[in-house]
Amino acid sequence: MSVTLLAGTATASVAVAVENPATAPAATVAATAPVENLIVGYKSSATEASSNTAAADDAAAKGKKAGKKAKFDRRLGTGAALVNLGGTVAPAEAADVMAQFRADPDVAYVEPDTRAYATAVTPNDTEYAKQWDLFEPTAGMNVPAAWDKTTGSGVTVAVIDTGYVAHSDLAPNIVAGYDFISSATYARDGGGRDSNPADEGDWNATDGECGLNSKASNSSWHGTHVAGTIAAATNNSKGVAGIAYGAKIQPVRVLGKCGGSTSDIVDAITWASGGSVAGVPANATPAKVINMSLGGPGACGTSYQNAINAAVARGTTVVVAAGNSNADAAGFSPASCNNVINVAASNRSGDRSYYSNYGAIIDIAAPGGETRRATDTPGTVTTPENAILSTLNAGTTTPGAENYKPYQGTSMAAPHVAGLAALLKSANSALTPAQIEAAIKNNARPLAGTCTGGCGTGLADAAATVAAVTSTPPAGKYFENTADVTIGDNTTVESPLTVSGVTGNAPATLKVGVNIAHTYIGDLKVDLVAPDGSVYTVHNRSGSGTDNINQVYTVNASSEVANGTWKLRVNDNAGGDTGKIDSWNLTF
Numbered sequence: 009m010s011v012t013l014l015a016g017t018a019t020a021s022v023a024v025a026v027e028n029p030a031t032a033p034a035a036t037v038a039a040t041a042p043v044e045n046l047i048v049g050y051k052s053s054a055t056e057a058s059s060n061t062a063a064a065d066d067a068a069a070k071g072k073k074a075g076k077k078a079k080f081d082r083r084l085g086t087g088a089a090l091v092n093l094g095g096t097v098a099p100a101e102a103a104d105v106m107a108q109f110r111a112d113p114d115v116a117y118v119e120p121d122t123r124a125y126a127t128a129v130t131p132n133d134t135e136y137a138k139q140w141d142l143f144e145p146t147a148g149m150n151v152p153a154a155w156d157k158t159t160g161s162g163v164t165v166a167v168i169d170t171g172y173v174a175h176s177d178l179a180p181n182i183v184a185g186y187d188f189i190s191s192a193t194y195a196r197d198g199g200g201r202d203s204n205p206a207d208e209g210d211w212n213a214t215d216g217e218c219g220l221n222s223k224a225s226n227s228s229w230h231g232t233h234v235a236g237t238i239a240a241a242t243n244n245s246k247g248v249a250g251i252a253y254g255a256k257i258q259p260v261r262v263l264g265k266c267g268g269s270t271s272d273i274v275d276a277i278t279w280a281s282g283g284s285v286a287g288v289p290a291n292a293t294p295a296k297v298i299n300m301s302l303g304g305p306g307a308c309g310t311s312y313q314n315a316i317n318a319a320v321a322r323g324t325t326v327v328v329a330a331g332n333s334n335a336d337a338a339g340f341s342p343a344s345c346n347n348v349i350n351v352a353a354s355n356r357s358g359d360r361s362y363y364s365n366y367g368a369i370i371d372i373a374a375p376g377g378e379t380r381r382a383t384d385t386p387g388t389v390t391t392p393e394n395a396i397l398s399t400l401n402a403g404t405t406t407p408g409a410e411n412y413k414p415y416q417g418t419s420m421a422a423p424h425v426a427g428l429a430a431l432l433k434s435a436n437s438a439l440t441p442a443q444i445e446a447a448i449k450n451n452a453r454p455l456a457g458t459c460t461g462g463c464g465t466g467l468a469d470a471a472a473t474v475a476a477v478t479s480t481p482p483a484g485k486y487f488e489n490t491a492d493v494t495i496g497d498n499t500t501v502e503s504p505l506t507v508s509g510v511t512g513n514a515p516a517t518l519k520v521g522v523n524i525a526h527t528y529i530g531d532l533k534v535d536l537v538a539p540d541g542s543v544y545t546v547h548n549r550s551g552s553g554t555d556n557i558n559q560v561y562t563v564n565a566s567s568e569v570a571n572g573t574w575k576l577r578v579n580d581n582a583g584g585d586t587g588k589i590d591s592w593n594l595t596f
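Take 9 as the starting number for the sequence shown in this note's numbering and just add one per residue.
Note that these hints are calculated values from the structure, not bench results.
As the structure is a computational prediction, the values presented were derived from the model and not from experiment.
Positions of the beta carbon are idealized from the N, C-alpha and C atoms, including for glycine.
Check the hints yourself; a few may be wrong.
What the hints assert, rightly or not - In silico EDC-like cross-links for lysine to aspartate or glutamate, where the CA-CA straight-line distance does not exceed 16 Å: (1) K51 <-> D104; (2) K79 <-> D65; (3) K76 <-> D65; (4) K246 <-> E217; (5) K73 <-> E101; (6) K51 <-> E119.
To be verified - Label pairs and their calculated CB-CB ranges: (7) G199 <-> K485: 49 to 55 Å; (8) S284 <-> A174: 28 to 34 Å; (9) A368 <-> G457: 15 to 21 Å; (10) A516 <-> E393: 36 to 42 Å; (11) E393 <-> R110: 50 to 56 Å; (12) S245 <-> G199: 34 to 40 Å.
Could you put together the complete structure from these sequences and hints?
Structural data, given as structure tokens:
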């Protein structure tokens, strides 16, 4: 099957492999897709940031100036306003309305409401013995050796995807989720948002139904496949084993017919991590891990980034798929967002899968599979046994009988890492998202094969990573300052951290974990100051109106003596937004 994008808004595809990535229509479709809604973020000082009435008046006025209808629709969980354009309009017409918002100094950002769309390659088979991705020494993730210490018990993992189709190998581990698809047409369930995240099928009946170059396709049951990799019931004498089989899965439905919108996905991220979304009941079991096997072309938008930052600030680790266009992941979203664990796909030989995105922003690789060899004819399926086996459904449109099938894609790689994150959180509940990310990256092993373009720190290794977080860390290796330091407007503040007991110089890969609460990180310049006064800039006024910095940076500090007083220096370069250094740490 090919990944396509919805015509009607700028769209994003679920990160699953296409058989011929070079001809995937993602980039061209996004450039010509009509737009239905805009997402508008107001600065915190603006009346429209808190008043729906003011936001509605502002939308109507700006639409009138552009000669278009613009109506306030609702408030997103991040606080941004969703503005309806009165139906689908051409990109140029939407740009006219966006220009009115951008000209307003009270507006932090405005962007089209995009969509995400799921599909995958579907060869056959079943049984744990065929789950090479868990245990094979060459390119498996070394999962069984981790089960002696943790199985993920006590952790909920939200799968933000197509929802859940009933499967007996998953049912014991399912907790209440939510359906965030706001359009009844795309939801196929007769209504908008509701508390039933059942997957109603994402099939396309005809070519072109979901926009330019879209193809007719069967339902993918994508979310159920992803969920099985993370937490299928295990030791139950049937089917497949989940990586974190003691964890719970929270299905959060955002993808239906012709994909899903950014506004719905943003609210899903907010709700799944324990945040509040207007009109939606509170999440009784907030997730400590979120898996998003979805994405598409374009840099990370502010709407995505704000929601992700807020989720991480609540203590939720966010895992995303890198994408399947055999291209630099920096050009895809949410893979290019900060504060996520960005996962590339590797194959059974330990090479980067031919379809997987790559690049400097990849954090880690994990098994994603490959259903043909590089020398085989594109579009063929010659090695189904080399894909990722998981829970599925036999229905071609609406649900049918449960079954198991192997899929390939970075969509399949991401849940391997989400499952590992659940194992880590279960093994050590005090771990922060930054510490979980650092542990996964620092304990990876080299790929057995090659990765042209960059696959992060290597192949995720479950056993090594779990062992690292359950053993006593070496003395003098990890240092943290958790004292709050207020960041005022147009001020410079510092937080000191004394390092002792480390021999020699700091490493070339010094890990700097930064947790800053601030309502406009585009105001901030963040430096690491070495004991001798040398300055290493880790953040320099990027991110515009995004909230909060929760990220691990890597600094080449090999010329610096390790022991001494290090400082995190934060310079606020504008007025109107303040915050604090919540905590920061160094890992040698």
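Hint by hint, here is what the structure shows:
no.: 1; hint: K51 <-> D104; result: 21 Å, violated
no.: 2; hint: K79 <-> D65; result: 8 Å, holds
no.: 3; hint: K76 <-> D65; result: 14 Å, holds
no.: 4; hint: K246 <-> E217; result: 38 Å, violated
no.: 5; hint: K73 <-> E101; result: 12 Å, holds
no.: 6; hint: K51 <-> E119; result: 15 Å, holds
no.: 7; hint: G199 <-> K485: 49 to 55 Å; result: 54 Å, holds
no.: 8; hint: S284 <-> A174: 28 to 34 Å; result: 29 Å, holds
no.: 9; hint: A368 <-> G457: 15 to 21 Å; result: 20 Å, holds
no.: 10; hint: A516 <-> E393: 36 to 42 Å; result: 40 Å, holds
no.: 11; hint: E393 <-> R110: 50 to 56 Å; result: 52 Å, holds
no.: 12; hint: S245 <-> G199: 34 to 40 Å; result: 39 Å, holds
Comparing the model with each earlier hint shows violations of hints 1, 4; every other hint is respected.
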